[in-house]
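Place chains S, F and D on chain P using the hints.
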Amino acid sequence: MDEKLLEIRNLAVEYHTDEAVVYAVNNVNLTVKKGETIGLVGETGAGKTTIARSILRILPPPTARIVSGEIFFNGTDLLKLSEKEMQKIRGNKIAMIFQDPMTALNPIETVGFQIAEAIQRHNKITRFEAVKRASEMLEMVGIPMERYSEYPHQFSGGMKQRVVIAMALSCNPELLLADEPTTALDVTIQAQVLDMMESLKRQLGTSVVLITHDLGVVADTCDSVAVVYAGEIVERGTVEHIFDFAAHPYTLGLFGSLPQLDSKEPRLKPIKGMMPDPTNLPPGCRFYERCPEATAECAEGPPPDVEVAPGHTVKCIKARGGAA
Amino acid sequence: MTPLLEVRNLRKYFKTRYGTLHAVDDVSFTLEKGKTLGVVGESGCGKTTLGRTVLHLTEPTDGQIFFEGRDITYPRKKELRKLREEMQIIFQDPYSSLNPRMTVSEAIMEPLILRGGMSRDEMLEETRSLMDTVGLAARFENSYPHELDGGRRQRIGIARALALKPKFIVCDEPVSALDVSIQAQIINLMLDLQEEFGLTYMFVTHDLSVVKYISDEIMVMYLGQVVEKAPSDELFANTLHPYSKALLSAIPIPNIHKKRKRILLRGELTSPINPKPGCRFMARCDYAMEKCNEPQVLEESSPGHFVACCRYKEIMNS
Amino acid sequence: MQKRRKQSRLHEVWHQLKKNKVAVVALFILVLLILVAIFAPFLAPHPYEKQNSKLANAGPSREHPLGNDRLGRDILSRLIYGTRQSMQMGIVSVAIAAVIGILIGSVAGYYGGWVDNLSMRLLDIYQAIPMFLLSVSLAAILGPSLRNAIIALGIGTVPGYARIMRASVLTVREKEYIEAAKAINASDFRIIWKYIIPNAIGPLIVQITMGVGACILAGSALSFIGLGVQPPIPEWGAMISDARRVMREHPTHALYPGLCVMISVLACNLLGDGLRDALDPRLKN
Amino acid sequence: MVRFVIKRLLMLIPVLLGISLVVLILIDVTPGDPARMMLGAQATQEQVNALREELGLNDPLPVRYGRFIWQLLHGDLGTSLMTKRPVATEMWERFPYTLTLVVLGTTLSVLIGIPIGIYAAVHQRTWKDNTAIFLALISVSMPSFWFALLLIRFFGVYLGWLPVSGVDDWKGWVLPSVAMALGLTALIARQMRSDMLEVLRQDFITTARAKGLSERRVVYRHALKNAMIPVIMVIGGIFGVMLGGSLITEVIYSIPGLGQYIMTALYNRDYPVIQSGILVVSGMFAVIILIVDVIFALVDPRIRSQYTRKEKRKAGRQLAKETKTVETT
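Chains as they are written, first to last, in this note's numbering: chain P, -14 to 309; chain S, 12 to 329; chain F, 304 to 588; chain D, 1254 to 1582.
To be clear, the hints were calculated from the coordinates, so they are not data collected in a lab.
It should be emphasised that the depicted structure is a prediction, and the values quoted were computed from it without experimental measurement.
Hints may be right or wrong, so weigh each one.
Said to hold, decoys possible - Derived lysine-lysine pairs resembling BS3-like cross-links, with alpha carbons at most 30 Å apart:
1) Lys497(F) / Lys88(S)
2) Lys19(P) / Lys269(S)
3) Lys186(P) / Lys109(P)
4) Lys176(S) / Lys89(S)
Chain P with its partners taken away, still in its complex shape (with noise of 0.2 Å):
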């Protein structure tokens, strides 16, 4: 359970415009062991989508660039691989999920004949066996056989979202990268799909990254936490780590921003502000202006990562101490 599967080591990914330069993901440390679902949370424009893309490495080419960092999978250095080679890994032993199921597949193809691509290409059979295994694979998420030879727009939402899942999974990948694959459902939907998704990892023993907003799914689903802003990881830590012992501000920020079913307060406690911008970012730390424990320290340089218990890091001066 300990082993690393994968580990990412000072990653950073600018977007070049015309305009200006993003600085989308900054010096991100991450890793995950095999077998873990570990959930990566931030708010819209945060990077986690750019973390992901950047680990299967594909991101829009003319404008992002990866400017540092290594992605070790399985001891190997995913930057440095061929195009060629990372083929072999993309859908293979990497595969990854979209946020919108409706634009995730081709409209002109069938849903089978997508599935049965990536199995043909990561697997040395015949074309008759790789329809046999798309159809055994739409099977195993819950669609009926019989639909193989429909095209998407004869699907709903979450069926298509099966599909996709379906296709992810259809080579046995050792790394499940799902981008908010939940959110453009309806949350009975939602809880259908998140729970054939938890059920498919236990069979298969794929180690998941769950990008999401929602702490909710990740209370549900996950087993560690890495908590994003502004490109950044500010805290991160088991479950149990962030959910009872949270010591980044941003953290406890969000906590505080959540409607709780179960206690009525007058009002909620949002984190004043906004995100800073992402072309303009401040030189101390990122939350600074949002913090309501900044200190003038804070703003002078960036943030040290604090161990404030084995496992746990925070991002924060405060956290010196070792706070929680």
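Chains S, F and D alone, transformed into the frame defined by chain P:
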């Protein structure tokens, strides 16, 4: 005391290629002044259409709507103009609910211009005070919506809705497009405004934790019909309808010590086109039996708690 | 404040366009062509209709930099005057077509239902006739002249604008701000005028720019086959037609006016491309 | 699918009826008397009146329209005022020339335009893309009749390789088809490029890449097939431009086709020919658009399934059965 809004047996049907779509089917409720009614349901349940129909943004097919005791189901043109000054709407998507070609102050001033009767200076002054009320800094006066973030855009939408000093506001998923930290800011703002101006809200959303937090009473809709209606604490403490139960159990709670059993529903929401007379939830319900083929009526199980399920007592006792 | 808004919108597009050097050059050329058209009498070294049989088909000289045509008229002067007809045919006919198209498209798109159905079926009929065939027939039936060529080109190109406008209006109509406007008692007229048209016109601006080029091309073709501008008034297409008779011996007579057409049309197309990029919301966000 | 074609064919009828009505009205409101035109200025008013009566020009518009349709249904397109021959016969003789020219031109522009568009899109923002796009822009901006003249001057007169006019053998077709194709090749290339770029931006392309597919397969299987759909529509429109362009090209290269026929009729105000000519050419165009629509529906499952949902389901079940039998054996 007459309620601010009363809706009786409201129906809204749409004709489609495939048949008649029962978007809102026989919905009744009353709403007291200063209270908030939460309307919850998944996409396609008719909650948005309900809000639009009450505001006459689309015309009702059948039923009656009373506002402060007046029948406003089929208002005359002049009456409708007056009505729209008293009833307003806040939209879901702050990116598409503002005209991209109007600056912040123009957008907020637009309702004042359309109402007329104010000089330009008065309107400008009013606009500034509205911006102040919703927490928009004066420096954004001449900004265009695309220059602002979602939270600020939603504040513009709120200011515009407030401009005519309405009594009743339909809030159509006003925070679901926003990030949590911004969402909390907007919810607080809406609560503050309700206190300050004595507003009445109809809060339409799919987010149950938000609706619980903000509503006095909650109405759960499924395929155009109300399946359960109760004061919000009562609904969460004492859920009766099998669909509401599944819906509530499906909310992911950000607490690792309260693992609950999710009730997984079979299949997916179908579309309410040419529905059969029986319970619309039947096909996905674990408790379905022969008598569910009969039309379901809202029954008062305890004071103020209504449920449209013929088996709720048996389910409660099992 | 009204003023600031207009400026700001223009400013925004200009800001985007400025980055595209080619589009800026194209814009410059177009402005130059319009100026040439306006000030042709001051710029042309000779009267365009003055014949000089001694100089028939003469090569370039100090006096006549581009030489003289088969009737001994100064080619450069005729090219300069020709700018007038081409610019008129390009700009006026597009203006006619665009205004009618925008009106039909907005009304059809906004009201939908039978209004939309009827206008679209009528456009179907209209568009079933190939555009150039329609313009040629109209020009022939109305009788050849600059005015009639402009009318023929204008009428011939209406459906394109109407359809683009309608498609654009259909997407704008679904936006929540239209409903928001209804909720605050805005009239249909105000909604179309202040909400629909300003937001739907983007794709049309590109089409209009390129349409000017297309009409210059089609107009020169009309004149080439004798159904447009009539001699002795100089027009580039007519000049090419005239030069056909001496094509074997003096191919340059046809070359110059053709290049003029090409450059003006190219400028329109380049500017259109630039505007498309500048107006594309995806590039903006 | 058959239902779709029949439906579209039925929709053709009102369009063609509408066109003939429009043309009739246009001719009706134009100043000038066809009978006077035919007889010349010397003719007496009596002669003109007699001819008007003979041609049926004195009848009210609905009568004339009804007569025209009635004759049309019998394959009678009237008689040319100039040649005194039946318009239908003359058109039938000329039809193959125009069809050949239009088909050659379109084929040429599709075969060249599409690869150029793909090439430019794949090499987006490189010098290859820029060059291709700039050349395409120049080609689109050139007057085609001017280009036709330049071709004649260079290949016909200067090099002497190809005939300058007439289409007696295959060589004669080369220059007219190239002249017709140039601008439209560029148009297709531009359209192909922008549709390709549009598709390459979409999410399902990222999905395809994330599956580990080679870039080749992503571009040529997933992107190209999707990008072709709007291009097919453009190709339909291009036939229309070609038909319009044939008016000039046939005159320049002396090809005895419909275009030249109509042009002559227009100069001479030969109304029966104009009327039928516009109708026939528009009818050709409408049929081509119909064919394009059918292809479009065949390629795009979203449209196809509106007409063939049942068959698809059947196919799905069939396949499922097959897979199951494999499983059990």
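- Task: Go through the numbered hints given earlier and state which of them the structure violates, listing their numbers in rising order.
- Result: none
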